Structures are given as structure tokens and as C-alpha cells.
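Asker: Here is how the chains run, residue by residue.
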Amino acid sequence: MLGFVMLLCMQLRAQQRNITGKVIDGSGNPIPNASVIIKETNAGTSTLNDGTYSITISPQSKTIIFSAVGMQPTSFSIGNKGVINVTMEASDKNLSEVVVVGYGTQKKATTTAAIVKVGGDKLENRPLVSVDQMLQGAAAGLQSTASTGQPGANQGVRIRGIGSFSYGGSQPLYVVDGVQINSGDLSNGNGVGTSGTGSFSINPSTNVLATINANDIESITVLKDAAATSIYGSRGSNGVIIITTKSGKQGKAQFRFDAESGNNKVIPLPDAGKPLRASDWLMLLRESLVNEGKLTSQEIDKQLHDYGDTSGVDTDWLNLIQRTGTQQQYNVSATGGEGKLKYFLSGGYFKQQGTTIGTDLKRYTGNLKISYAVTDKLTLSTKITIGNVRQNSALASSGTTGGGGYFGNPTYAALTLRPTQNPFNANGTYNISPTVSGFPSHYNPLFIAKNDKRWLKAVQGLVNQSLEYKIITGLKFTSTLGLQYATNEEYQFNNPFHGDAAGASGEGISLYSRNFLWDWINQLDYHYDIWKDKKLYADLKVGHESIKNSYYRQIGDVTGFPPNADLYYSTNGATSTNGKAVGEDYSFEGYYSNVNISLDDKYNLYGSYRRDASSRFSLNNRWGSFASVGASWNASNEDFFQPLLSVVSNLKLRASYGNNGNAEIPNYAWRQTYGYGYNYNGVAGGRFDNIGNSELTWEKNKQLDLGVDISFLRNRLNISFDYYKRITDDALLGQQISRTTGFLNFINNIGDMENKGYELTVNAMPVQTKDFAWEINFNITHNTNKVTSLPAGNQPSPQNSLFYLSEGKSLYSYFNRGWAGVDPEDGAAMWYKDSSKTTTTKSRAEAGLFFVGKNADPKYFGSLGNTLTYKNISLSFDFYYNYGNYIMEAYMQYFMDGSYATRGKYAINMNRWQKKGDVTNVPKYTFGVLNTSSGSDRLLFKGDYIRLRNVQMGYRLNSKTILDKLHLSSLSVYARGTNLWTKTYDDQLLNDPEQGILGINQQAVRPSRSYTVGVNIGF
Amino acid sequence: MKNRMLSINYKIYLLALGTLAIAGTSCKKSFLDQTPYTAVPATSAVTNEASMYTAVVGMYSSLRATDFYGRTFAIKGDLMSDNAFLSTQNSGRYTGFNNYDMDKTNGYPSAIWQNSYAAIKNTNLIINSNLAISNDNISQLYAEAYALRGMIYFDLVRNFALPYVGNENKPGVPIVLEFNQSIKPARDTISKVYAQILSDLNRAYSLAKYDLGSTMTFLSTGATRAVNTSFVTKYVIEALLARVYQHMGNWAAAKTAALDVVNNGGYSLIASTALVGYWAGTAPRQDKVETMFEVTSDANNSVSDGTLANLYVPKPTGSYGDILATKALYDSYAATDVRRGLYNPSTRTGQLGTAYYVTKYPINTISYDDVKVVRYADVLLILAEACYNTSDETNALKYVNMVAQKRDPSFAGYTTTGAAVLESILTERQKELAFEGYRFWDLYRLKRTFTKPQAQDANSVIVKSVVVSPATRNIVFPIPYDEVLVNKGIQQNDGY
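So the sequences go chain by chain: A and B.
At position 565 of the first sequence (counting the first as 1) the number is 565 in my numbering, and the numbers step up by one without a gap.
Count along the second sequence starting at 1, add 1019, and that's the number in my numbering.
Hint data in this document are derived by calculation from the structure and do not stem from the laboratory.
Note that the structure is a prediction, hence the values are computed from the model and not measured.
The C-beta atom is built at its ideal place from N, Cα and C for all residues, glycine as well.
Lysine-lysine pairs mimicking BS3-like chemistry, simulated, CA-CA at most 25 Å apart: (1) Lys476(A) with Lys535(A); (2) Lys1483(B) with Lys294(A); (3) Lys302(A) with Lys1483(B); (4) Lys580(A) with Lys457(A).
One-sided and incomplete, this derived list gives chain A residues near chain B with beta-carbon spacing under 10 Å: (5) Thr575; (6) Tyr680; (7) Val683.
Partial chain B-side listing against chain A, Cβ under 10 Å, derived: (8) Thr1054; (9) Ser1063; (10) Ser1070; (11) Ala1074; (12) Ser1080; (13) Arg1083; (14) Ser1110; (15) Trp1132; (16) Asp1317; (17) Lys1334; (18) Arg1367; (19) Ile1382; (20) Gln1473; (21) Pro1499; (22) Glu1502; (23) Lys1507.
Model the full structure from these sequences, guided by the hints.
Answerer: If you want it as C-alpha cells, here you go:
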């Protein structure tokens, strides 16, 4: 037997022979990594750095195919040649580029939709945790903003404005390798539309995307208009972000190792918002009591003494709660493919220490992707991605703003604690005395950070099994089963000595939640050549998709711990006060189809239709129909255009219109329910707790997009421009009703909204010589949001009560009192009586509430990036800018003016009115005068800023001799700075201007800048 | 080789067949019909005595909310009176109460309004259940729903409308007796609201079947219910009636109701030596000592840290210790008065003078604060006031001294005459019911003008205060702005 096998091998060997050659480009430069494949056998290799290759072929080999990035593929008949040298021609990028679209890929030239592709190279080795953070500035029309600097926090992402009334409902849909995953903050029951189970705050913000390693991502496609998103009918109304992970590449194994290390520092506070130090603070306290005029000077002296006047303590709290954090990541990957098998596998480690004490994140990721061509017709592929995150969080509230006045929140504590409070005892231990000399109300944040626990351990597994079968030429069947298994283990320990649970002798809260989602897609793709000679063809798709998600959560809460902060697990505690479990499910089902008809890649017509149902709507209104049409014209392909080509090298016009649906509401909101859990005296109780709405149905989003792509001077200057108008109809919103019903609202399809604007993307190569190149990337987005109909009348925004919804105004319009400044005569605070701003009052009670004409949504945002390359050195710097929004300082009333004079204060209080004639915006500093700052547009600040988001200097080793000596195929090193510089436009600004989608600063963890160096090695 | 190909094709067909089969089954209607695990359709809520009991339990639990009986009612009654003030160093809670500076957007009135009508909705569900009164259990459960609805309307109308006497035809609050999500009701007159309250309480009294200490057995499930002070019982309803009549100035009726409790209820005051321990207790009682009705909490069902102790008591057993008693109130207790033990004169950072902490609700940490809603001492004091107002000074002094001498065994008793008797009763009410939310209502219903303290000096003398008269706008809460937005026709109170 063995002999037979050996004989067979020898015989095969005898029939095999080698082909060698060299692959070069039009200028004669070798092309490394070009793919060389034998068509008949799928045998393949790739070229070396000098462009040479060698491949062994078997007798049935007839055709050899060469392909390389940016080159037109070319093939040759082998015959009996032994050497095949190839000169490859640069491909016309615009014509051959393929982009990922909904449920497949498409030639970019034939698309009719507004799509932006972000290549994986833009996402690699960033000192950022999650990929949504990296999308900031990467695509016109996409707004990405952080509300907290907590490592691993959720990032607010919006595409083409705010399309739904609820915060969660306005998020784009994330699709990873075809699977519509649960995204966002999956801890605490946020993000998956859970209802009635209440939220439980352990980690202020988490992000399921943080479990995905950006280095494993091949590309991200942002689908913006209806022609692109309508195929996702059910959930695509607020845009779709498709993440495609890396796959195996044909050829010999290529290994890659990336390492990066550096550190993080907090972005310094603006001067106005720094806390006052002891002498200034004490002086102001004295002034406040003198101005109050109630106490004698001896009594004031006594008060000052109580507050540390003579103690000599001058604590720099800000410095104590901040630190320089370390930043590291290591990624290793291997890819290759031979014959029928292709593989990609990778492993990654990422660590980020936050700049606020107690915050950090560690991530381990593993990824495996294999595809195997069982026959010419049948290909099976599998993908497994696992990410494990451990996040330690600062004490803060959960939700969209992630901060809060928790007494142990270090960011808040650093402002609210007096500079005269001493964090340490004389012997160097932490001061946690509840007496006058210690921390009688707000806690010592240093002790809390050291002794409390607040962690998240998140594991996400994404698994795809897919089968592709080519039934006949042009007809393909694909079945993909995607699974998302995401668990969150959260634990909070409040130590028994100091802090929120000191009185309860410590408290341990454990929370476990799990989302298991399956998404099964069965699809037929058909390519039909209607008139082959004229290159008239149609690409047709029909499919069925079903999605089911099961959510489970359990909570435990135990008090009464032994007096040892190391015994933090709740099993050590005495009294269990919570130990409950709950589940929730949702399901979606849809039928979809689309067709793209193209004539000579010049004229393209697109249409899509989807019928979708969701368990989130009532039996009667479960199904919705969504459709879109699109057309594009590659004018530059016309004969008459030829004379212009030397100037205008490409011109494409696009138009699309269609609709989409949105179902991002709590899972059971439509049902009228009588719920349980309302217990009393140890007995289970129930209440009528949800009105429901049996008529509830899809929120619809209609969108018009008109676009043009134009390139000049042989594509050295490329411009894309899109105008869009989105109408949200029958928006899902809690309709406010009289409280006398016993309810606040019921969910209904009420209200319309409009987002319109334009996007401009410019890519230019001002200089392109043999050694030196300069590339500019610029984009700008302008969006205007307007609530167009509210049949039930004005109402507070469901996202934050600072905003009121009113017809004709932005969803994020601040509704408040109008601050009229300080009267120079007596230093009193003044407000406007009404929106006419003609008369002022010094009584807050007389101040009118009105729309102050300021919004939280920016008018413009975008980015400007430059890359300079000289030989093998490159320098790039990217700016992000944001203009036209206002941010709100939610905690300003505590740190401003003589109200709460015994708390820490902002430095800007030094500008207070002192004597007649003083012109200032800070009123007379009087003890206990509460109404000076709370609730007026004085709390609003310009959110305009420009930030140097990324600076990178890189060196790539091109010397083949050195590389060969090192047995490497590539080697490059770089140094990178992130968020190094920020320019703001409000001289009274108290904090960083980036405060999330809602623009509300609630003292969340502050953002940081980082300095990193890295190396990439290929072998 | 050919055979191999065939077998693979065969496998592919099998696979395709299987795929189609599974895809077919997933299209079933049930796949899209996901039902909640924590709720049932509202229509199937109350169908028998057992499910009615579940609804009654749910109804009681709604009283527990912080901005309701759980805390804010009690805070308002003292912080908006002459009993207390907010320490200069505070957590920022209830500043509008202390400063008498609440506008129509203030969160506390809004929350109270919402919580009241939400609880009324829960009582309505039971009252309108159409379950036939086929046994004593069902009758008793109906009684409890009627009693709570009457009680909530009473607290609602006195918070959002002017005092009854002299304002009978002025706007009260909307009376809502059944669920309808489309309503935008106007305010019913004060007299109409009081008529509804009396109707509910009288109906409750006639339906009540169980007294404190008895046990109900639900035949359908075999479950039992020990009737303790966390539920409304017969004499609780009579005590509530006495309180309503007291506010209406209907002294004859108040006297009748209170006498029924005193003569037939079988309640007694707690022994002097046991008073401090009584307040530290956390469980509902089944004896007829002191407590008649309280809203209970336990380790698993509580308002977390939204308790009275959280605000009155400083660390370590409490939390903020924001609200301090005045020196005058503290000094009004004789050294021999056991109620002095419910205060803790101490020092507080940044607070001039002595910080007179209130320790009536000592334990915040496990959220066990039961909030007393009806106490026997109150009934005795209502009776005393009713006697005084029906020209029976002797009995007025008898009943006020029953309370006063129980608390201070060395006290010889009030011996005042004429109008001074009323002042003695009011003083005793202030001392006995301090920090249970009564004082403001005594001043409100009697339309007194008083000085509300706001800050004290190093000698604990009040140096900052505001004079409150019946014309002060914050005497009644504003109709919440969020209600006005959706119910444009509703009449706002003066000054907002």
C-alpha cells in the first residue's frame, strides 16, 4: 500500500514541472505579492519582493492568472512555456474596484448608492479600543463622538443626522460578515431594547464592538442612502455599517507581527474649568459669607476655620485622580491559501490604561477563517471570532452620558471636593474619617478607586458557517448561518469602610447578561447577460432572512461584608437582597430581493424590495414593505466625453430614492401588559404597567439622494458630492398623555422628522513624483435636523429633558431660561422674561422658559488629512472638526457662584462681580444664592473645535538585502500621536468640547491623548 | 472519481433539502410571536380572589415610591414648616422646599402628581374588576382599594389645591375613576374631591372585614395573609376619615370617627421606655400598639437609598443628614421627655451651631424604613382637637394629655383654657408628629402665617428665614408643567 502511494507520488512528480518569471509594472518596477494562480487546479503562489515567482504545475494546467492590488488582472495560456514574464497595467481604479454592499459585493462603477469604504489600513494599530471610535472623520455623513473617556465605552455614531426620536433607535445597524449583530451597550440591559427589567448601573458604558480587534478587519462599508440600505429594510433606516473581516489570500503563508506601545495622558482642562486651589477658594468662601451678611465676622472666621482656613492643606485633586496610563497592543496573523483551501488566523492583545484612576481595559482576540472549495461548485467557509474584554470602570452612571454626581466618581469628586480636604492622614494612609476633618459627605476618590471593584468581563463570539453553491453559470445559492454569543459578567464591590456601602458593611453586586442571536440567510444570486455583445446584464438577488435573539440576565446583591477589602466576592457577605433572573426575546423575518441592471457599466439601474416582520409589532401590523430605486450614469465612459478625459478623467452621476423601517423599541412595548415584580410585605404583586398599542407598526424613513463623483487630471483630484433628504414618517415615540391616566405615555407612530444636508469628499494628490507624494483627504458634512410634525404637541425629548420637541425645530433644541448676564450695578444675575429678550428680570421665578436658539447637533463636521511620503518615510496628520453645536455643563450649578459655596469651584469664579461697574458674566459671589446658574442657557457653551486627531511618522525598510538577511518580507516602524492638539472657540468653556451625541457633560471620565511607537514585521 | 462527484452532488441535494425544510418551519407565525416572561395581558389581571390579592399587593407597593409616601410627603410636612431647615452643607435635595422657591417645572410636584395618579390607576383596576363580592376576602380587598383611593385623593388635593375651608368651590384635582388613555380632565372642585374621598372611605369602611392581628385564608390557593400594619384595616379607615374631617373643619364627624377608633379599636400608645426602640423597629406589627398603618419595605423590596433616614441621618447609619431640626423644636422637649431620644445634637462640617439631627428613622443602610402613615397618637390628638372645637375642653385636655404624659411621664399635663387649649394641642401635635410630615398641614389647614427657618448661627439661632402666609404661592404645588403640556385646559394654580 505504502509502496503504491510512493509510486503514485513519483509518477505525479514526473509529470509536474516548474514555471518561473517576473512580474513588473508599466514603469519596470517589480510587483511584490502579486497573486499567481493556475486556473484549472487553483494552485497558487505569490511574487517575491523582486517580483519573481516560481510555481509547480501539473499536466492539466492550461491557464495562468496574475492579479495584484491596483492592477488589471491578466492571464496567459501556458502551453509549453517555462518562463512567463508579465508587465501588468494599472487598473482604472474607478472601474474595477469592488465594494461590499448589502448581502454581497458590487463593482463600484455600477453602484447607484451613496457608499463609503474605509480600508482596513486606516483601522490598524490605532491606540483606540473599538472600531467605531476610528470612524470619526473617516466618512462624510458619519458622525462619531465619545461622551466619556472610559476605555471600552460606547461611541455615539449617527449617519446623516438623527433619524429617530429615541437615542438607541437612531444608531446605525452593524452587520459583521453578513450578520445583523446586537451592537452598542449590551450591559445593564441597554441597547437591545429590553423593557421593564430596569437598568442597573455597574459599568457606565460598555461597547460590544470593543471585543472586535480592528486589525482583523479587512474593510468597513458605510451605507448611507436608501438604495444602499433599503435591502436591510427592517433596521437600516439610520444607516448600515458593514464590517468585513479579513479572509485568507491565495499564495504561500504570510506572517505578520505588529507591536505598539506608548502612553496616555489626559487632555488638560481649559483654564476656566480647572478647580480653584486653597487660597483662592477660601477667599471666595469668605467673600460669599460677607456678601450674605448674616454672620458676624467671628462667625465667618469660625466657618473659614471649619473649612480648613488654617490647616495649610492645599490639595490638587485633579492631579490626584489623573495619571499617565500605558498603552500596548500586539497582533499576529497568518494568511495563505493553496489550491482549494484558504485560511486566515490571528491573535491580538490590547491594553489601555485610562488616564483616570481605576479605569483600564484589556482585550484578547482570536480569529480563524477558513474556506474550502469542496468542488468547483461548492465552497464551504467558516469563521470564528472571539474577543474577551476586561474593563475596569470609574464609578459613574450608566447610559448615554456616562458620568453623574456619584460621590465616588473621581471626575466629579475632583471638582466637588474642597482643596482644603486632605486625602491623606499624617501617617500617609488614606483619610476616610467621616468627621469634619475628613470626608463627611463626598468620598475620598483615592480610597474608593483603590478598594472598590467595578469591572466588566465581556466575551463575544461571532461564528459564521456558510455554504456557496454554483448551481449553473451565473446562478449561485448561498446559505449563511451567523451566530453572536455575547456575555457580560459585571461585578461591583463597594468596600465596607468608606463610600456608598460603608453603612451596610460593604455591598457586592453581580450581574450576568447574555445575548444569543442567530441570523440565517438563504440567498440566490443570478447574473444574467441580457445582451452579451452590448455588455447589458442584470444581477439579481432573492433571499430570506430570519433573526432571533434571546437575552438573559441575572442579578445578585449582597451586603454585610467582613472588614477586609480583599474579600470582595459577594459570597463573603451576609445578607442577600437581590437574586433574580429575567429573559427577553425578539425575532425578525424578511424576504428580500434586488436587481442591478447595467449597460456597458455606463447606465446602471437598481431596484430593491424587502418585506419584513418583527415580533416588536402587533399581529395586525407586523409586516412592512420597503423598496428603493436608484440610477447612475458613468458619463465619462461616453464617446462624446473622450476629448474631455485629459481634464475630467471620471464623471458619474447618481440618484436614488427609497424607504426603510425602524423597529428599535423595547421588545414588548406594543403589548398592553399587567406586569409583576411589584412586591410588598414579602408577597408578589402585579400592576397594569404598560398601555401598549395594538396598532403599532414600523417607523418609516424615506430618503432621496443625489450624488456626483468627479475626478480631474487622471484622477489626481477626486471629488464626491451628495445631497440628501431623509423624511422620518410615523416615528416611534412615546406619546405623552395626561398623567391623570396613571401613565406618562404610550408608544405610538407619531411625529415626523426631516434631516437634510450635503456631504463633500475631496481626495487630492497635489504632488506625485517618483520620490515624493502629497495626498490630501478632506470631507465635510452639513446636516439640518427638523421635527416636522408632532400631532400630540410639544413634549420633552425622550433622550433628555433639556431638549423639547417642537415642530419646526431640531430634535436637540435646548429649552431653558435665557441668561441675560450680570447687572454691572449690583452684580445680580439677570434672565430674560421671554424669548423676545427685550426685558430682563433679576428673579429667576419670573424668567421665562423658551427655546434659546441653540442646538446640540452640529451644523458641520468633517476631517482634513494629509499624507506626505518621501521615499520610504511617510508623515501623516489628520484633523477632525466640528462646528455649530452647543454643549451643556450639567453640573455647573455646583461649581459656579456662591451656591454650594462649600464645594470645590471652577477657576472662572475669580471673575465674579465685586464692585459697581464691573462687567463680567459671573454674578456677585453670595453664599447660598441658588438661582444664579442652574437652568439657563448660561450652562451652554460653544462646542466648536478642531482636533489634531492623528499624527504619524513612519519608516519602511525597502532594502531587499537587509530584509533578506533578516529573513523578512517587510519591516516598518512608526511613531504616532493621537489627540495631541485641540482648538476651541469659547473662552469660557469648562471642559473638553467633545461630549457625545447629546452634548451633555455629566462629569464622565475625561478624554485622553496618546503617544505610541510601533513596529510592523512581515515574514 | 465519477462516483465521488456523484456522492458529493447527492450530499448537496440532501443539504439543500434540509435547508429548505428548516427554512420552511421558521416561517411559522409563532416565530414572530414573542411573549414577555414578566407580564400577562392586562385583561386577565383580576379574575378571582387570589389574583385580586396580587393586584392589591401591587397597589400597596406603589405607595412606596420615594416621591410619594416613601419620603417626599413626610419631608414636605416638616421642611416646608417651622420644624426644620436644610443644612448649609447639603446634597442638593429639596432645596426648593427649604427656599420656598419652586416653579412649575420643579421635579417634586411633578413626581408626586405622577405617582399619585399611577397609584389611583392601580386602585381603579381593582375597584372596577367586577369581581362579585362572594366572600369576606373579596370584600376586604375591595375595602383596601377604596380606602387607598380615598387616602391618595386626600393627599393629592391638599398638595395641589387650597385648604378646604373657605375654598370649597375652587379647583381641586381631576377625579379619575376608570382608565382611559385619551382623557384630558379639568380640575374638579375641592368640595367634589372631598365628597369623593368621603365616599371612598365610607364605602371602604362598610366593606372592611378584617381587623389587625387576624388571618385571611384564600380558599382557592390555600395561601394565608397575616393582617398586619402594612395593610389597611377597619379602624385605619376610621382614622383616615377623622383626618379628612379634621381638614374639612367638620369637627363633629371627626370626633365620631376618632372616638370609634379610641373606644372600639383596641389600640394603645407604646410604653415610654419603648419609644426609641419602637422607631428603630423595621417590621410591620400585628399588635395594636401605636402603629395603625405603615408603608413597609424590606431587604428585597425597597426604594433603595431614597429613604427618610438617607436625608435625616448622617453617616454611618444614614447618609446625608441634610435636614436639621431647629433648636427651638429640640428645646420644646423636656429633658424627661422620651422623644428627646429621637434627636442627636451633634456637630456638622460647615454648619454653625449645633446640628440637631433627626434619628426617628435611624437605618438607611438596608432600606428598611417603614413609613408610618396612620398612628394612634394622631387619632388621639385629632380627637382632642375635635373635642376642643365642639366645646369640650375637658376631653380635649384629657386626650392631649394622654399623649403628652405618655411621652414625658414627669409632665403634669396641659392645664390651659380657652383658645390656649388649641395651641396646646397644636404644640403637642408638633412635638409628637415631628418629622412624620404633619406640621405643614396643621399650619396650612388653619391658614396660619409662620416663619420658615433657613439657616442658623453659631448659637443655633435662626438667622435666615422666610415668612410664609396663606398667600405664599408655594403653599400649594404648581400643576406640573408636563401635565399642562398635554392637558392644556387644566387650570394652573395662582402664581405659577
